[in-house]
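S.K.: The whole structure should be built from the sequences, with the hints applied where relevant.
These protein sequences, in sequence, are chains B and A.
Numbered per full-length UniProt numbering, the first sequence finishes at 457, counting up by one with no gaps.
Numbered per full-length UniProt numbering, the second sequence finishes at 457, counting up by one with no gaps.
Some clues are possibly wrong.
[What the hints assert, rightly or not] In the BS3-like style, the derived pairs of lysine-lysine whose C-alpha atoms are separated by at most 25 Å in a straight line are: (1) B/Lys161 - B/Lys194; (2) A/Lys6 - A/Lys400; (3) A/Lys12 - A/Lys250; (4) A/Lys130 - A/Lys161; (5) A/Lys161 - A/Lys194; (6) B/Lys6 - A/Lys12; (7) B/Lys250 - A/Lys161; (8) A/Lys250 - B/Lys12; (9) A/Lys6 - B/Lys12; (10) A/Lys365 - A/Lys400; (11) B/Lys250 - B/Lys6; (12) A/Lys6 - B/Lys6; (13) A/Lys12 - B/Lys12; (14) B/Lys12 - B/Lys250; (15) B/Lys365 - B/Lys400; (16) B/Lys250 - A/Lys6; (17) B/Lys6 - A/Lys250; (18) A/Lys250 - A/Lys6; (19) B/Lys161 - B/Lys130; (20) B/Lys400 - B/Lys6.
[Stated by the list, open to error] Pulled a few chain A residues facing chain B out of the computed Cβ check, cut under 8 Å: (21) Glu11; (22) Gln72; (23) Ala75; (24) Pro107; (25) Leu146; (26) Ala149; (27) Leu150; (28) Glu175; (29) Gly284; (30) Arg288; (31) Ile371; (32) Ala374; (33) Arg375; (34) Gly378; (35) His417.
Quick caveat, the hints were computed from the structure, so don't treat them as lab data.
All C-beta atoms, glycine included, are put in the ideal place defined by N, C-alpha and C.
2 protein chains.
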Amino acid sequence: MTDRIKYLLDEKDIPTTWYNLAADLPGLQPLLHPGTGAPITVDDLTPIMPATVAEQELSREREIEIPEPVRQIYAQWRPAPLFRARRLERALDTPARIYYKYEGGSPAGSHKPNTAIAQAFYNREAGIRKLATETGAGQWGSSLSLAGALFNLQVQVYMVKVSFHQKPYRRLLMETYGARCVASPSTETEAGRKILADDPDCPGSLGIATSEALEVAMNDPETNYAGGSVLNHVLLHQSVIGQEALAQFKLADDYPDVVIGCAGGGSNLGGLTFPFIGERLRGGPSVRVVAAEPAACPTLTRGKLAYDFGDTAGLTPLLQMHTLGHTFVPPSFHAGGLRYHGMAPLVSAALEADLLEAVAVEQTKCFAAGIQFARTEGIVPAPESTHAISVAIAEALRCKEEGRSEAILFGLSGHGHFDLSAYEAHLTGALRDEAYSQAGLDAALAALPTVPAPADA
Amino acid sequence: MTDRIKYLLDEKDIPTTWYNLAADLPGLQPLLHPGTGAPITVDDLTPIMPATVAEQELSREREIEIPEPVRQIYAQWRPAPLFRARRLERALDTPARIYYKYEGGSPAGSHKPNTAIAQAFYNREAGIRKLATETGAGQWGSSLSLAGALFNLQVQVYMVKVSFHQKPYRRLLMETYGARCVASPSTETEAGRKILADDPDCPGSLGIATSEALEVAMNDPETNYAGGSVLNHVLLHQSVIGQEALAQFKLADDYPDVVIGCAGGGSNLGGLTFPFIGERLRGGPSVRVVAAEPAACPTLTRGKLAYDFGDTAGLTPLLQMHTLGHTFVPPSFHAGGLRYHGMAPLVSAALEADLLEAVAVEQTKCFAAGIQFARTEGIVPAPESTHAISVAIAEALRCKEEGRSEAILFGLSGHGHFDLSAYEAHLTGALRDEAYSQAGLDAALAALPTVPAPADA
Numbered sequence: 001m002t003d004r005i006k007y008l009l010d011e012k013d014i015p016t017t018w019y020n021l022a023a024d025l026p027g028l029q030p031l032l033h034p035g036t037g038a039p040i041t042v043d044d045l046t047p048i049m050p051a052t053v054a055e056q057e058l059s060r061e062r063e064i065e066i067p068e069p070v071r072q073i074y075a076q077w078r079p080a081p082l083f084r085a086r087r088l089e090r091a092l093d094t095p096a097r098i099y100y101k102y103e104g105g106s107p108a109g110s111h112k113p114n115t116a117i118a119q120a121f122y123n124r125e126a127g128i129r130k131l132a133t134e135t136g137a138g139q140w141g142s143s144l145s146l147a148g149a150l151f152n153l154q155v156q157v158y159m160v161k162v163s164f165h166q167k168p169y170r171r172l173l174m175e176t177y178g179a180r181c182v183a184s185p186s187t188e189t190e191a192g193r194k195i196l197a198d199d200p201d202c203p204g205s206l207g208i209a210t211s212e213a214l215e216v217a218m219n220d221p222e223t224n225y226a227g228g229s230v231l232n233h234v235l236l237h238q239s240v241i242g243q244e245a246l247a248q249f250k251l252a253d254d255y256p257d258v259v260i261g262c263a264g265g266g267s268n269l270g271g272l273t274f275p276f277i278g279e280r281l282r283g284g285p286s287v288r289v290v291a292a293e294p295a296a297c298p299t300l301t302r303g304k305l306a307y308d309f310g311d312t313a314g315l316t317p318l319l320q321m322h323t324l325g326h327t328f329v330p331p332s333f334h335a336g337g338l339r340y341h342g343m344a345p346l347v348s349a350a351l352e353a354d355l356l357e358a359v360a361v362e363q364t365k366c367f368a369a370g371i372q373f374a375r376t377e378g379i380v381p382a383p384e385s386t387h388a389i390s391v392a393i394a395e396a397l398r399c400k401e402e403g404r405s406e407a408i409l410f411g412l413s414g415h416g417h418f419d420l421s422a423y424e425a426h427l428t429g430a431l432r433d434e435a436y437s438q439a440g441l442d443a444a445l446a447a448l449p450t451v452p453a454p455a456d457a
Numbered sequence: 001m002t003d004r005i006k007y008l009l010d011e012k013d014i015p016t017t018w019y020n021l022a023a024d025l026p027g028l029q030p031l032l033h034p035g036t037g038a039p040i041t042v043d044d045l046t047p048i049m050p051a052t053v054a055e056q057e058l059s060r061e062r063e064i065e066i067p068e069p070v071r072q073i074y075a076q077w078r079p080a081p082l083f084r085a086r087r088l089e090r091a092l093d094t095p096a097r098i099y100y101k102y103e104g105g106s107p108a109g110s111h112k113p114n115t116a117i118a119q120a121f122y123n124r125e126a127g128i129r130k131l132a133t134e135t136g137a138g139q140w141g142s143s144l145s146l147a148g149a150l151f152n153l154q155v156q157v158y159m160v161k162v163s164f165h166q167k168p169y170r171r172l173l174m175e176t177y178g179a180r181c182v183a184s185p186s187t188e189t190e191a192g193r194k195i196l197a198d199d200p201d202c203p204g205s206l207g208i209a210t211s212e213a214l215e216v217a218m219n220d221p222e223t224n225y226a227g228g229s230v231l232n233h234v235l236l237h238q239s240v241i242g243q244e245a246l247a248q249f250k251l252a253d254d255y256p257d258v259v260i261g262c263a264g265g266g267s268n269l270g271g272l273t274f275p276f277i278g279e280r281l282r283g284g285p286s287v288r289v290v291a292a293e294p295a296a297c298p299t300l301t302r303g304k305l306a307y308d309f310g311d312t313a314g315l316t317p318l319l320q321m322h323t324l325g326h327t328f329v330p331p332s333f334h335a336g337g338l339r340y341h342g343m344a345p346l347v348s349a350a351l352e353a354d355l356l357e358a359v360a361v362e363q364t365k366c367f368a369a370g371i372q373f374a375r376t377e378g379i380v381p382a383p384e385s386t387h388a389i390s391v392a393i394a395e396a397l398r399c400k401e402e403g404r405s406e407a408i409l410f411g412l413s414g415h416g417h418f419d420l421s422a423y424e425a426h427l428t429g430a431l432r433d434e435a436y437s438q439a440g441l442d443a444a445l446a447a448l449p450t451v452p453a454p455a456d457a
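M.R.: Below, the structure written as structure tokens:
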């Protein structure tokens, strides 16, 4: 075949180590204890996660070994294919070479199992019986449910109430894997009951659901918390995406000029792009990295770099990140996985170090790009992924205008089979761009926590 | 990695020809013209399909070339992986080696694009602008919609009304690809209007929807019909599944003792198993082939081998096949893709020639197998595919009892992401086994058409 459209690797080419950008990135600040202002230690984290995972969270080592049982499960869908989007290129009539790394082939349909499998493995090794977590659109909750089934761990998911009702199939997927899924805010936790007392009709948020999961993990020694994004160890586990892409570009005898990922908490973006950023930091080729975020929740383009909580109730350590404020409530839009007030500290530090750019995109533009992609490349993308597609198409059209033949890589983080009602809204003309409240943002930024001065020893 | 769990092939290893069992199979009878009783000719078929496809329908050549543009599109998800189900083997504690060939990685989530792409290509080559078809659960309709998008053909799908309302996401997938999907019976055709006049609340059937699509194709020179199963050329196109599996078993240095596929119209079963049957017929290794069909629509185990129509209104040629009668209405059950009164002539002839066995399975047993598979292997199977899984598990347990280490291969024809409400019914205990009406079956068998004696020349 003359025009190859995919680049595969063998099972044995699954990376043997994860790549940790923290080893190479300037300016990354430690997590801080909200009570003392002191840097967080492994011991601070072990009430809610195994020591191995806590060590990864704080590690500055460049390469961290992937356990063999984790690689064995990765092998079901990894190495994930790198596609050349030849039909989309023809439709755009662009001289650009467009590539996409597809993570929707995992059993849960997104990139999330890359870290869910690893976290379930380490928790099982540590003798934990149960994991608690939050989920928005449900990609993370269903991935952790899958991992729980494979490692015989009970999984308890607090799902943002509005999504719980809007996306029943995601809940059913979790239950099919044997997990328990509860609408959040729930009456099962202090955090949930407090919010329901104030507002019985509260539609929930990722911050609230996170508070509920953390509370359960803190109060039960047999239960740990598992996070689906934002944290350093989560981005670490996702680095297999970019590492494989680097090897696949060698097969293609090419190298990207631009790498684009959608950004909610940052794990998909970091997983794809950090290995490329790492190459650059260690003297490799220059590459533009673009974060595509939703205009209705513009953490990187409108947020402030500050220490903030990862959840609404303030149960997490303080993280230095671009944030809209942990009390910020984004408007309702369809890319539920991007509705988060903060951005991973590693992504935030990379932005500060001018190693990446950020672009905010309206959802109507994203769905139009998603439809064009589905009708040329065949895969219906997740609403989150359409943000990256939209930016990739804009870059390809820029190349056409400038007559430049650049190589564009974007991350196709998942398929949209659970999100077709959003496509229906687009096709029937009912989809609108949602604006966040400027007053709400101002208030949330004014409510950022103050960092206590560390006590002298 | 010591325990390899998947066997891949390179893009260049996609078969270059389809395998046609008709070349090797004894006892296959021709299609007959229902008016004259004479064997169908290419000219009889060209009002509703391109001559190339009509020639394939009647061909007795063993190998038929796959056009390069079709292979190019196949390359997006083909060669499809062959998995070794090591985690399921451990859960069953069986000495059997269980393999499955996974077709759910196609953009539409099932094996159906293998023929949809080919049919769209040939129709486009022939200058056709529009395709009409029927669909039950929606796997075929969404696959043809995908193919239409890629070859710039309008697609019009008549979807069985009960499924149209029960499976809105499948309809939305078709619309996302740009197709038009209508509930059948509809008021758009004579066949539909006639049925609605008799019974305004008719829930529809595959036979009725097929009559509607055929009527549209017959009345409009720019519109052709595209069939998703049963017909010889459809099974021909699906042969890539089994051909790849043969090559992958060489990689695994193994050969199946048993090959199992679910059977509705027969295209998934034929696609997987015919290349193995062909090897056997040409002196290769002996292999058991098992068709897993629904107990509520038991075409192979309870049907009669006879000439019958493929649709309710009697618009198709007469096909010699195992049939419950073209007026048989199966009860409602979740594997919509298996709710068809007949079985492909090629599969029917193979059963008569003792080249395959058939087993009928109740749906509660199938869903239990599907849940066990999802929780060990990670992939949530389509309800249709759970029939094959159920039989594969029974075979693996037989091996355990007999202390035999056989190799078992089954076809995982698609994922179940669009069918999670059926899993919910199973998990909540609401799922029941549905029985067909014996009186209805008797009446349908009594209403089989009589074959006119061919007029002397």
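S.K.: Each hint needs a verdict: does it hold in this structure or not?
M.R.: Quick rundown of the hints versus the structure:
1. A threshold of 25 Å between alpha carbons decides the hint, and for B/Lys161 with B/Lys194 the separation of about 15 Å falls inside it, so the pair holds.
2. Distance restraint check for A/Lys6 and A/Lys400: the Cα-Cα separation of roughly 23 Å lies within the 25 Å cut-off, and the hinted pair is therefore satisfied.
3. Straight-line distance between C-alpha atoms of A/Lys12 and A/Lys250 comes to about 16 Å, which keeps the hinted pair within the 25 Å bound.
4. Distance check on the hinted pair: A/Lys130 and A/Lys161 sit about 22 Å apart at the alpha-carbon level, within 25 Å; holds.
5. Taking the CA atoms of A/Lys161 and A/Lys194, the gap is near 15 Å; set against the 25 Å cutoff, the hint holds.
6. Note on B/Lys6 and A/Lys12: the hinted pairing holds, with a Cα-Cα distance of about 11 Å set against a maximum of 25 Å.
7. Proposed proximity of B/Lys250 and A/Lys161 is contradicted: the alpha carbons are some 50 Å apart, above 25 Å.
8. Between A/Lys250 and B/Lys12, the direct Cα distance comes to roughly 19 Å. Compliance with the 25 Å bound is thereby established for this hinted pair.
9. Proposed proximity of A/Lys6 and B/Lys12 is supported: the alpha carbons are some 11 Å apart, at most 25 Å.
10. Only pairs whose Cα atoms come within 25 Å are accepted, and A/Lys365 paired with A/Lys400 is accepted, the gap being roughly 19 Å.
11. The suggested pairing of B/Lys250 with B/Lys6 holds, with an alpha-carbon distance near 13 Å, which does not exceed 25 Å.
12. Of the supplied pair hints, the one linking A/Lys6 and B/Lys6 holds, its CA atoms being roughly 18 Å apart against a limit of 25 Å.
13. Distance check on the hinted pair: A/Lys12 and B/Lys12 sit about 20 Å apart at the alpha-carbon level, within 25 Å; holds.
14. Note on B/Lys12 and B/Lys250: the hinted pairing holds, with a Cα-Cα distance of about 16 Å set against a maximum of 25 Å.
15. Between the alpha carbons of B/Lys365 and B/Lys400 the distance comes to roughly 19 Å, so the proposed pair stays at or under 25 Å and holds.
16. As the CA atoms of B/Lys250 and A/Lys6 are separated by approximately 23 Å, the hinted pair is consistent with the 25 Å bound.
17. About 23 Å separates the Cα atoms of B/Lys6 and A/Lys250, which keeps this hinted pair within 25 Å; it holds.
18. With a CA separation close to 13 Å, the supplied pair A/Lys250 and A/Lys6 stays within the 25 Å bound.
19. A distance of roughly 22 Å separates the Cα atoms of B/Lys161 and B/Lys130; the hinted pair therefore holds under the 25 Å criterion.
20. Among the hinted pairs, B/Lys400 with B/Lys6 is consistent with the structure: their alpha-carbon atoms are about 23 Å apart, no more than 25 Å.
21. Satisfaction of the interface hint for A/Glu11 is found here, the shortest Cβ-Cβ separation to chain B being roughly 6 Å, below the 8 Å cut-off.
22. This hint holds: A/Gln72 has a C-beta 6 Å from the nearest C-beta of chain B, less than the 8 Å allowed.
23. Interface hint status for A/Ala75: upheld, as the beta-carbon distance to the closest one in chain B is roughly 5 Å, under 8 Å.
24. The beta carbon of A/Pro107 is positioned within 8 Å of a beta carbon in chain B (closest approach about 4 Å), and the interface hint is therefore held.
25. The beta carbon of A/Leu146 is positioned within 8 Å of a beta carbon in chain B (closest approach about 6 Å), and the interface hint is therefore held.
26. Interface hint at A/Ala149: satisfied, since its Cβ lies 4 Å from the closest Cβ of chain B, which is below the 8 Å cut-off.
27. Interface hint at A/Leu150: satisfied, since its Cβ lies 7 Å from the closest Cβ of chain B, which is below the 8 Å cut-off.
28. Taking 8 Å as the C-beta contact cut-off toward chain B, the hint placing A/Glu175 at the interface holds, the least distance being around 6 Å.
29. Hint status for A/Gly284 relative to chain B: violated, with the closest Cβ pair at about 28 Å, above 8 Å.
30. A least Cβ separation of about 27 Å between A/Arg288 and chain B goes past the 8 Å threshold, and the interface hint is therefore violated.
31. A cut of 8 Å between beta carbons decides the hint on A/Ile371: the least distance to chain B is about 7 Å, and the hint holds.
32. The criterion of a C-beta within 8 Å of any C-beta in chain B is met by A/Ala374, whose closest approach is roughly 6 Å, and the hint holds.
33. Hint status for A/Arg375: holds, given a least beta-carbon distance of 4 Å to chain B, under 8 Å.
34. The criterion of a C-beta within 8 Å of any C-beta in chain B is met by A/Gly378, whose closest approach is roughly 4 Å, and the hint holds.
35. Look at A/His417: its Cβ gets to within about 5 Å of chain B, closer than 8 Å, so that hint holds up.
When the structure is compared with the earlier hints, violations turn up for hints 7, 29 and 30 and for no others.
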